[in-house]
Amino acid sequence: LNRSLDDYRKPSCRTKKYNVSTLPTTSVIIVYHNEAFSTLLRTTQSVLDRSPRQVLKEIILVDDFSNRTFLKHPILDEALRNYPVHVKILRTTQREGLIRARLMGAQEATGDVLTFLDSHCECTEGWLEPLLNRIKEYRSVKAVVCPIIDVINDRTFEYQRGLEVFRGGFNWNLQFSSPIPYVDQRRRADKGEKSYRKYFEELGTYDHGMDIWGGENLELSFRIWQCGGRVEILPCSHVGHIFRKVSFPLVHNFCPYMGWQLISWTLKNLQQKYLLTNNKWQSLIKIRAL
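Mind the numbering: the sequence shown is residues 1 to 290 in UniProt numbering, read in order.
Rather than coming from a laboratory, the hints here were simulated on the basis of the structure.
Incorrect hints may appear among the rest.
As the list claims (entries may be wrong) - Listed next, the in silico EDC-like pairs over lysine to aspartate or glutamate satisfying Cα-Cα at most 20 Å (straight line):
1) Lys198 / Glu216
2) Lys88 / Asp49
3) Lys136 / Glu202
4) Lys16 / Asp6
5) Lys17 / Asp7
6) Lys198 / Glu108
7) Lys16 / Glu164
8) Lys57 / Asp118
9) Lys245 / Asp118
10) Lys17 / Asp6
11) Lys17 / Asp49
12) Lys17 / Glu137
13) Lys16 / Glu137
14) Lys245 / Glu158
15) Lys16 / Glu232
16) Lys57 / Asp77
17) Lys10 / Glu164
18) Lys72 / Asp118
19) Lys72 / Glu96
20) Lys198 / Glu232
21) Lys245 / Asp154
22) Lys88 / Asp77
Kindly generate the complete structure, drawing on both the sequences and the hints.
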């Protein structure tokens, strides 16, 4: 669970020093649904082992209605009981989906900064300090920062270093695409010294109406850019992620509606173009809108 990994940072990143005592604290929020026990524990263990204690305020796990016995009380709770940082486990009473489950964790968080991780990740050495330091540096600019996303093989768990030259875009279906895999893993902060996380609330947080993952990255990015903020990917921070071959059921049915929500609220001048490009989804959008 706490395997050793190579240091995937550039030499200039490895030698960079941070004054941890001046960095904001963070709550790491991890949502899971029927995650493999070892994979979930490896995620939490890597956060614990490779994060400075001074800034790691807590780890919040949100169980999105898992039905696997080993993820229920008391098995998982006992496995995490002896962690030297506060670990809180929240459990939903019905399947909420990634977005609403993340918001549930955010409401319980007490750290200065909200850090969202998937339940099948692995943090590397020095992953957290650059992110928190960049947030601290921005006093006049509101920012969301992300690590470089490395790839963990879903069969062999081999760790593969990701590209540090990153760009992405979206098509008329409002689907995000990039030359390398992408995972939503963001840090929210505010320019005020006392409440870094206030910016997340000012943006409207995540959209409660999104049942599944897949649209929140574009939707929140548009809000950030249109409200004077910026999104940065920091090459000195690396986090590994397992990209699965199986998607959420009904993902293709719900994505068009999520796209319609996105342009209805943030890109109103593109509504008609979206419908012309996606006319086969018009009836679905009208039904969902009711």
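Against the structure, the hints:
1. Lys198 / Glu216: Holds, at roughly 19 Å.
2. Lys88 / Asp49: 17 Å, holds
3. Lys136 / Glu202: Holds - the C-alpha atoms of Glu202 and Lys136 are around 18 Å apart, at most 20 Å.
4. Lys16 / Asp6: Given pair Lys16, Asp6 holds - Cα atoms ~17 Å apart, limit 20 Å.
5. Lys17 / Asp7: 15 Å, holds
6. Lys198 / Glu108: 14 Å, holds
7. Lys16 / Glu164: With a Cα-Cα distance of about 17 Å, the restraint between Lys16 and Glu164 holds, given a limit of 20 Å.
8. Lys57 / Asp118: 18 Å, holds
9. Lys245 / Asp118: 15 Å, holds
10. Lys17 / Asp6: Holds. Lys17 to Asp6 sits at ~19 Å (cutoff 20 Å).
11. Lys17 / Asp49: Between Lys17 and Asp49 the Cα gap is close to 18 Å, so the pair holds against 20 Å.
12. Lys17 / Glu137: 15 Å, holds
13. Lys16 / Glu137: Holds - the C-alpha atoms of Glu137 and Lys16 are around 15 Å apart, at most 20 Å.
14. Lys245 / Glu158: Holds, because 16 Å separates the two Cα atoms, which is no more than 20 Å.
15. Lys16 / Glu232: 19 Å, holds
16. Lys57 / Asp77: 18 Å, holds
17. Lys10 / Glu164: 10 Å, holds
18. Lys72 / Asp118: 18 Å, holds
19. Lys72 / Glu96: 17 Å, holds
20. Lys198 / Glu232: 18 Å, holds
21. Lys245 / Asp154: 9 Å, holds
22. Lys88 / Asp77: 9 Å, holds
Checked against the numbered hints given earlier, this structure breaks none of them.
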